[in-house]
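J.: Residue numbers (the numbering used here), protein chains in the order written: chain A, 1 to 279; chain B, 1 to 279; chain C, 1 to 279; chain D, 1 to 279.
The set of hints was computed from the structure by calculation and includes no laboratory data. Where is the CB? At the ideal position from N, CA and C, for every residue including glycine. It is possible that part of the hints are untrue.
Claimed, not checked - The list that follows gives simulated cross-link-like pairs (lysine-lysine, DSBU-like), each with its CA atoms no further than 30 Å apart:
{"#": "1", "chain 1": "C", "residue 1": "Lys241", "chain 2": "A", "residue 2": "Lys80"}
{"#": "2", "chain 1": "A", "residue 1": "Lys191", "chain 2": "D", "residue 2": "Lys241"}
{"#": "3", "chain 1": "C", "residue 1": "Lys80", "chain 2": "A", "residue 2": "Lys94"}
{"#": "4", "chain 1": "D", "residue 1": "Lys191", "chain 2": "A", "residue 2": "Lys94"}
{"#": "5", "chain 1": "D", "residue 1": "Lys191", "chain 2": "A", "residue 2": "Lys53"}
{"#": "6", "chain 1": "B", "residue 1": "Lys94", "chain 2": "C", "residue 2": "Lys94"}
{"#": "7", "chain 1": "B", "residue 1": "Lys80", "chain 2": "D", "residue 2": "Lys191"}
{"#": "8", "chain 1": "C", "residue 1": "Lys241", "chain 2": "C", "residue 2": "Lys80"}
{"#": "9", "chain 1": "A", "residue 1": "Lys80", "chain 2": "A", "residue 2": "Lys94"}
Unchecked claim - Counterexamples of contact, computed for chain C against chain D with all Cβ distances above 10 Å:
{"#": "10", "residue": "Lys12"}
{"#": "11", "residue": "Lys107"}
{"#": "12", "residue": "Thr116"}
{"#": "13", "residue": "Trp147"}
{"#": "14", "residue": "His149"}
{"#": "15", "residue": "Ile152"}
{"#": "16", "residue": "Ala252"}
There are 4 protein chains.
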Amino acid sequence: MLRGLTGAGLGKLESNEQFIELAAKYGFQAIDIDALGLVESHGVDGARELLGKHSLVIGSIGLPVEWRHSEEAFLDGLPKLTQAAAAAAALGCKNCCTYVLPSTDYKAAHFMALATRRLRTCAQILGAYGIRLGLEFVGPHHLRTQWKHPFIWTLEETLDWIDAIGESNVGLLFDAYHWYTNGLTVADIEKLRADQIVHVHINDAPDVPLEDVRDNGRIYPGEGVIDLAGFLQGLQRIGYKGAVAQEILTAAPPTDSPESLVQRSKAGFDKVYAEAGIG
Amino acid sequence: MLRGLTGAGLGKLESNEQFIELAAKYGFQAIDIDALGLVESHGVDGARELLGKHSLVIGSIGLPVEWRHSEEAFLDGLPKLTQAAAAAAALGCKNCCTYVLPSTDYKAAHFMALATRRLRTCAQILGAYGIRLGLEFVGPHHLRTQWKHPFIWTLEETLDWIDAIGESNVGLLFDAYHWYTNGLTVADIEKLRADQIVHVHINDAPDVPLEDVRDNGRIYPGEGVIDLAGFLQGLQRIGYKGAVAQEILTAAPPTDSPESLVQRSKAGFDKVYAEAGIG
Amino acid sequence: MLRGLTGAGLGKLESNEQFIELAAKYGFQAIDIDALGLVESHGVDGARELLGKHSLVIGSIGLPVEWRHSEEAFLDGLPKLTQAAAAAAALGCKNCCTYVLPSTDYKAAHFMALATRRLRTCAQILGAYGIRLGLEFVGPHHLRTQWKHPFIWTLEETLDWIDAIGESNVGLLFDAYHWYTNGLTVADIEKLRADQIVHVHINDAPDVPLEDVRDNGRIYPGEGVIDLAGFLQGLQRIGYKGAVAQEILTAAPPTDSPESLVQRSKAGFDKVYAEAGIG
Amino acid sequence: MLRGLTGAGLGKLESNEQFIELAAKYGFQAIDIDALGLVESHGVDGARELLGKHSLVIGSIGLPVEWRHSEEAFLDGLPKLTQAAAAAAALGCKNCCTYVLPSTDYKAAHFMALATRRLRTCAQILGAYGIRLGLEFVGPHHLRTQWKHPFIWTLEETLDWIDAIGESNVGLLFDAYHWYTNGLTVADIEKLRADQIVHVHINDAPDVPLEDVRDNGRIYPGEGVIDLAGFLQGLQRIGYKGAVAQEILTAAPPTDSPESLVQRSKAGFDKVYAEAGIG
Numbered sequence: 001m002l003r004g005l006t007g008a009g010l011g012k013l014e015s016n017e018q019f020i021e022l023a024a025k026y027g028f029q030a031i032d033i034d035a036l037g038l039v040e041s042h043g044v045d046g047a048r049e050l051l052g053k054h055s056l057v058i059g060s061i062g063l064p065v066e067w068r069h070s071e072e073a074f075l076d077g078l079p080k081l082t083q084a085a086a087a088a089a090a091l092g093c094k095n096c097c098t099y100v101l102p103s104t105d106y107k108a109a110h111f112m113a114l115a116t117r118r119l120r121t122c123a124q125i126l127g128a129y130g131i132r133l134g135l136e137f138v139g140p141h142h143l144r145t146q147w148k149h150p151f152i153w154t155l156e157e158t159l160d161w162i163d164a165i166g167e168s169n170v171g172l173l174f175d176a177y178h179w180y181t182n183g184l185t186v187a188d189i190e191k192l193r194a195d196q197i198v199h200v201h202i203n204d205a206p207d208v209p210l211e212d213v214r215d216n217g218r219i220y221p222g223e224g225v226i227d228l229a230g231f232l233q234g235l236q237r238i239g240y241k242g243a244v245a246q247e248i249l250t251a252a253p254p255t256d257s258p259e260s261l262v263q264r265s266k267a268g269f270d271k272v273y274a275e276a277g278i279g
Numbered sequence: 001m002l003r004g005l006t007g008a009g010l011g012k013l014e015s016n017e018q019f020i021e022l023a024a025k026y027g028f029q030a031i032d033i034d035a036l037g038l039v040e041s042h043g044v045d046g047a048r049e050l051l052g053k054h055s056l057v058i059g060s061i062g063l064p065v066e067w068r069h070s071e072e073a074f075l076d077g078l079p080k081l082t083q084a085a086a087a088a089a090a091l092g093c094k095n096c097c098t099y100v101l102p103s104t105d106y107k108a109a110h111f112m113a114l115a116t117r118r119l120r121t122c123a124q125i126l127g128a129y130g131i132r133l134g135l136e137f138v139g140p141h142h143l144r145t146q147w148k149h150p151f152i153w154t155l156e157e158t159l160d161w162i163d164a165i166g167e168s169n170v171g172l173l174f175d176a177y178h179w180y181t182n183g184l185t186v187a188d189i190e191k192l193r194a195d196q197i198v199h200v201h202i203n204d205a206p207d208v209p210l211e212d213v214r215d216n217g218r219i220y221p222g223e224g225v226i227d228l229a230g231f232l233q234g235l236q237r238i239g240y241k242g243a244v245a246q247e248i249l250t251a252a253p254p255t256d257s258p259e260s261l262v263q264r265s266k267a268g269f270d271k272v273y274a275e276a277g278i279g
Numbered sequence: 001m002l003r004g005l006t007g008a009g010l011g012k013l014e015s016n017e018q019f020i021e022l023a024a025k026y027g028f029q030a031i032d033i034d035a036l037g038l039v040e041s042h043g044v045d046g047a048r049e050l051l052g053k054h055s056l057v058i059g060s061i062g063l064p065v066e067w068r069h070s071e072e073a074f075l076d077g078l079p080k081l082t083q084a085a086a087a088a089a090a091l092g093c094k095n096c097c098t099y100v101l102p103s104t105d106y107k108a109a110h111f112m113a114l115a116t117r118r119l120r121t122c123a124q125i126l127g128a129y130g131i132r133l134g135l136e137f138v139g140p141h142h143l144r145t146q147w148k149h150p151f152i153w154t155l156e157e158t159l160d161w162i163d164a165i166g167e168s169n170v171g172l173l174f175d176a177y178h179w180y181t182n183g184l185t186v187a188d189i190e191k192l193r194a195d196q197i198v199h200v201h202i203n204d205a206p207d208v209p210l211e212d213v214r215d216n217g218r219i220y221p222g223e224g225v226i227d228l229a230g231f232l233q234g235l236q237r238i239g240y241k242g243a244v245a246q247e248i249l250t251a252a253p254p255t256d257s258p259e260s261l262v263q264r265s266k267a268g269f270d271k272v273y274a275e276a277g278i279g
Numbered sequence: 001m002l003r004g005l006t007g008a009g010l011g012k013l014e015s016n017e018q019f020i021e022l023a024a025k026y027g028f029q030a031i032d033i034d035a036l037g038l039v040e041s042h043g044v045d046g047a048r049e050l051l052g053k054h055s056l057v058i059g060s061i062g063l064p065v066e067w068r069h070s071e072e073a074f075l076d077g078l079p080k081l082t083q084a085a086a087a088a089a090a091l092g093c094k095n096c097c098t099y100v101l102p103s104t105d106y107k108a109a110h111f112m113a114l115a116t117r118r119l120r121t122c123a124q125i126l127g128a129y130g131i132r133l134g135l136e137f138v139g140p141h142h143l144r145t146q147w148k149h150p151f152i153w154t155l156e157e158t159l160d161w162i163d164a165i166g167e168s169n170v171g172l173l174f175d176a177y178h179w180y181t182n183g184l185t186v187a188d189i190e191k192l193r194a195d196q197i198v199h200v201h202i203n204d205a206p207d208v209p210l211e212d213v214r215d216n217g218r219i220y221p222g223e224g225v226i227d228l229a230g231f232l233q234g235l236q237r238i239g240y241k242g243a244v245a246q247e248i249l250t251a252a253p254p255t256d257s258p259e260s261l262v263q264r265s266k267a268g269f270d271k272v273y274a275e276a277g278i279g
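Based on the provided sequences and hints, a complete structural model is requested.
T.: Below, the structure is given as structure tokens:
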């Protein structure tokens, strides 16, 4: 399982280049980055070279389509999606992810029908380029009532939704924070097949009651109470081999320098990987 | 548009034969009947002959699959579905319908995901036999709060769901009662394409406030307040050529003889077809 | 059925504007034109206005994706397809068409598998924008052996392929020339449903043996031997209401002025529509 | 990887019970057997108990649908398929397989379209029960010209076909004999993902030129020239964990007793598993 970083939790990164250099310097193997932006700034060959010389792969791109609101906004995103998919594929990235909010202002059943059709279209376009779509269920309790109607937030619901979407390239973005806030166990991970998991996020939670854990109250791996060793061991046991990307969402951005934050991230990974007995 | 009957509203029919004979005697051209039952009792050739000599076609069969509850019950219905589809196809029937309750005790979004997948499977099996699946949205207001969570009940939601199911052989069962209780107009019908409509139900409503119309308070066509002439004209204008089947759901079954009820039904059809200017 | 024109057979058109003006001047109601080009040159509003003031609709756009050769070329076309689909939808055009050559240098079964997947992807993208994909089977006999292996060319094969593609928005581009060169009859048209037909091409054939008819030997409607009255009547009988677009493919481009060619086209339409008894 | 047996190569088995007992006695862990037949003769509980007490799982059932000829025959098989799938699922079997002949008397492209649609329907039905469909490409050269037109026989073509079918539960039945006769290498196996492989067959080939290897000239593992150690190592390296079932197709059935043939099979497995360094 590759050590991965997203930009979230690294403070004010000056550039993609800085992100790439710091990730490589501190032993990370994967980054979640905007592949299309990288291709636009460096060209395909330049972007490949930049990643290659730092021995980095792209863990996942984000889904550049607004599927949660109007049909117009959704359709507006599709040309961009084809370009982003082409860029990701050109850089060897096979994953694209989006998150699923656990409540909605729309009527829940109707929104589920719309979202099913829209994400299917996204998956079909991504699939043409050999890219998978990962859906991230979101566990923090406060978000379940943030909008008018409950939507979905559990692992089981998300797996059922993936079946409803019905494309072979759709799977889970499995995030330790949402695993934790859903009250899931290592045994729940072990019931999955590795090929159901598109991408993994890792981060830790403070020692507060489960129902009070805030989505933007995340802390660095190894600094909190989530059983990340068990989380990683479960993933390894089922044969997951992809990236495990840190994503620290916080209410206010950290003010330390990016380098010190990447260093701190490395320390977290060192700790939890060691606890998990993973090389 | 073929004049059609379902058994609902005809009192205590003694047998399929009686149903068929009465329908033919009073000028109906289509009946909604259990094709598999007919094939089991008469054989394919016998059933064809029985229908043929009465110049009747089967308007639609009902979906013999319980898709609204447990996965086990759902799967149990699939062998039966293949048999029912084979029987319907053998008798020249190309339609199969099911209704959609407007509320549910399950979490609405999750149930929508499950139901999408299950109805897709049903549509796929039916499609192998050249049969379409019609979804009937259900309008009466009291049913929207009958179970814990609102599901879907509007035409627009149902069309969006059909898109989410994503099979080319899924369309609407368009029922005059649900059109009326949704407050829809003839213009709403005219926005549809004929190929979006799998089957049509006709029946009338008593003169009570719209929100008080009960699902099982239906009356015979022409005896109530629904603009059935407009309904039929709208359907004709968009080129719908299938069956229009009467379905009178009532709290208590009518006690008149089936023959007098079929006669009454004929009078209703005569009236509303004449008002609509349809031959 | 709308009288329609493609650029093929109109000689050296100077501009889209000339095409539009001539089409309108001679009573045509639909043109097959590059919607994206029109939007790029005039903006969405300008293009709408240009078409609107000439009372013209766009019959169909061409599929801007090379699905017949390398995977790379195929993928390169997808961003363009999203843009073309968005432009077509913005201009109210709901159809996109491509033709199917009756032989191929690739192994036929393998190419069928690849083409099925590629055209499905195209249909899925078009479907997101509410646009249908029409497949044109190609009848002239000489093309059946033009490349190494026979592919498909009959109506039945094409319908079976549409089922294999399996998207609800795929249908036929039905061309009188290919209907004729396949030896089909009016009865074959009457077996179709209108919703299976995405778009129609019309043109005529010289009086030569059927097997000698050349794909690029087409002549103007009414000047040859095809039973175009029967063709149009069949389409009308099944309820086809879309455009019937002339497409005169010739070995050498006609040298007459576009205006005289559009005039000649009008005379042809006048003749065959009159023979068919269509207003 | 589970040691598995099919009935092919075991001579005249007297009953399912004998098959099961011999398989267990000689250390096999999986058998390919008719799950529906077993359920019909023993009931679900009885069949589970029979398999359970012999520590056997069912590797795969065969697809009980004739998808290679008439539409009528195809449809006739669907009710049986639902029953077979239900039986397999009840016994914990998640795989169903069919083979693909490398030539056909039908026009190749048209047959590919028909077969794509039919196998998709089969996959959809199987998928409802959580069962995967494995397609076995068939390599022996003589079969490529056995019927009029070449169809498909390579790994690459089969993977492309799986994409054309477009259901997430379709993968490969990977047979050592077809791997060998296609001239494939261990590196070709290593390019696959384990989740692309539904089931594996193992058997050996005599020392004759590759193009002379006959489909029904198979011999026991370890008695021929195929690099079965490499084959098994490749599968293990990509993480395949399912059954590896022996299937010895011969021109005439072996005349030795089933017990001696199972014993011989065990010796073959012992040898090639040992050579592969698999426990």
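J.: Please verify whether C/Lys241 and A/Lys80 have alpha carbons no more than 30 Å apart.
T.: violated, 35 Å
J.: Are the Cα atoms of C/Lys241 and C/Lys80 separated by 30 Å or less?
T.: Since the Cα atoms of C/Lys241 and C/Lys80 sit roughly 29 Å apart, the hinted pair holds (cutoff 30 Å).
J.: When you check the alpha-carbon spacing of D/Lys191 and A/Lys94, does it fall within 30 Å?
T.: holds, 15 Å
J.: Given the proposed pairing of D/Lys191 with A/Lys53, does the C-alpha separation stay at or below 30 Å?
T.: holds, 24 Å
J.: Can we trust that C/His149 is non-interface, i.e. its beta-carbon lies farther than 10 Å from all of chain D?
T.: violated, 7 Å
J.: Non-interface claim for C/Lys12: all C-beta distances to chain D beyond 10 Å?
T.: holds, 37 Å
J.: Could you let me know if the closest chain D CB is still more than 10 Å away from the CB of C/Trp147?
T.: holds, 12 Å
J.: For the pair we were handed, B/Lys80 and D/Lys191, check the Cα-Cα distance against 30 Å.
T.: Not satisfied, since the Cα-Cα distance of roughly 42 Å exceeds 30 Å.
J.: Evaluate the condition: distance from the CB of C/Ile152 to the nearest CB of chain D exceeds 10 Å.
T.: violated, 5 Å
J.: Using Cβ atoms and 10 Å as the threshold, tell me whether C/Thr116 really stays out of contact range of chain D.
T.: Check fails; 4 Å does not lie beyond 10 Å.
J.: Is the hinted pair A/Lys80 and A/Lys94 satisfied, with a Cα-Cα distance of at most 30 Å?
T.: Holds - the C-alpha atoms of A/Lys94 and A/Lys80 are around 17 Å apart, at most 30 Å.
J.: Verify the proposed pairing of C/Lys80 with A/Lys94, using a straight-line Cα cut of 30 Å.
T.: With a Cα-Cα distance of about 22 Å, the restraint between C/Lys80 and A/Lys94 holds, given a limit of 30 Å.
Checked against the numbered hints above, the structure violates hints 1, 7, 11, 12, 14, 15; every other hint is satisfied.
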